[in-house]
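Participant: Sequence:
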Amino acid sequence: MAVNAGAFELPLTEIWLSVTGSNQYIFMYSTIGWQAQITTTSIAPELVFRIRRGGFGTNSPIVFQTSDSALLIGNTAISMNIGMTTAFDHTELPPTSVIGVAQQYFLTVQNIGVGNASIVGPVNLTGFVLG
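Each step along the sequence shown adds one to the number in my numbering, with nothing skipped, and position 80 is 80.
Note that these hints are calculated values from the structure, not bench results. Each residue gets a CB set at the ideal place from its N, CA and C atoms; glycine is no exception. There could be a bad hint or two in this list.
Said to hold, decoys possible - Here are the in silico distance ranges between beta carbons for each label pair:
hint, residue 1, residue 2, range
1, 10, 89, 15 to 25 Å
2, 2, 100, 38 to 48 Å
3, 22, 118, 40 to 50 Å
4, 31, 130, 12 to 22 Å
5, 66, 121, 16 to 26 Å
6, 31, 131, 35 to 45 Å
7, 21, 124, 34 to 44 Å
8, 18, 118, 15 to 25 Å
9, 25, 2, 16 to 26 Å
10, 20, 67, 15 to 25 Å
With the sequences and hints as input, model every part of the structure.
Facilitator: Below, the structure is given as structure tokens:
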């Protein structure tokens, strides 16, 4: 999946979780494989990964956000792909408004840097309720 600089936030995957009590926590972890291509110019893709509750659009609340980037210096002799892996985990005590209601959580990506990147996998979002 292409992640072009300046493009809108894109959904990667989603999970459903249901919290049944006020003393329960949500734990999520994710791994995303991505790459950027070295060409004859320098690029610096910066991918922002977000977990959103209820949808993948900008009107859905951000539960967690992190970014990863790579500065790739152009080389006139070769063109190649540089593989990257981003991994993170997140724990939260969800708001009372979601207790007792199954919630959909989306993993999204947006490239806010210079130059394009691709999501090549694996893409994983795993979550469970603790307590």
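Participant: If a hint holds in the structure, say so; if it does not, say that too.
Facilitator: Comparing the hints with the structure gives:
1. 10 / 89: 15 to 25 Å: At 22 Å between Cβs, range holds.
2. 2 / 100: 38 to 48 Å: holds, 39 Å
3. 22 / 118: 40 to 50 Å: At roughly 42 Å between Cβ atoms, residue 118 and residue 22 fall inside 40 to 50 Å, so the hint holds.
4. 31 / 130: 12 to 22 Å: holds, 20 Å
5. 66 / 121: 16 to 26 Å: holds, 18 Å
6. 31 / 131: 35 to 45 Å: Given a distance of about 24 Å, which is not inside 35 to 45 Å, the answer is violated.
7. 21 / 124: 34 to 44 Å: violated, 27 Å
8. 18 / 118: 15 to 25 Å: The hint (15 to 25 Å, Cβ to Cβ) is violated, given that residue 18 and residue 118 are roughly 34 Å apart.
9. 25 / 2: 16 to 26 Å: violated, 35 Å
10. 20 / 67: 15 to 25 Å: The hint (15 to 25 Å, Cβ to Cβ) is violated, given that residue 20 and residue 67 are roughly 33 Å apart.
The earlier numbered hints that this structure contradicts are 6, 7, 8, 9 and 10.
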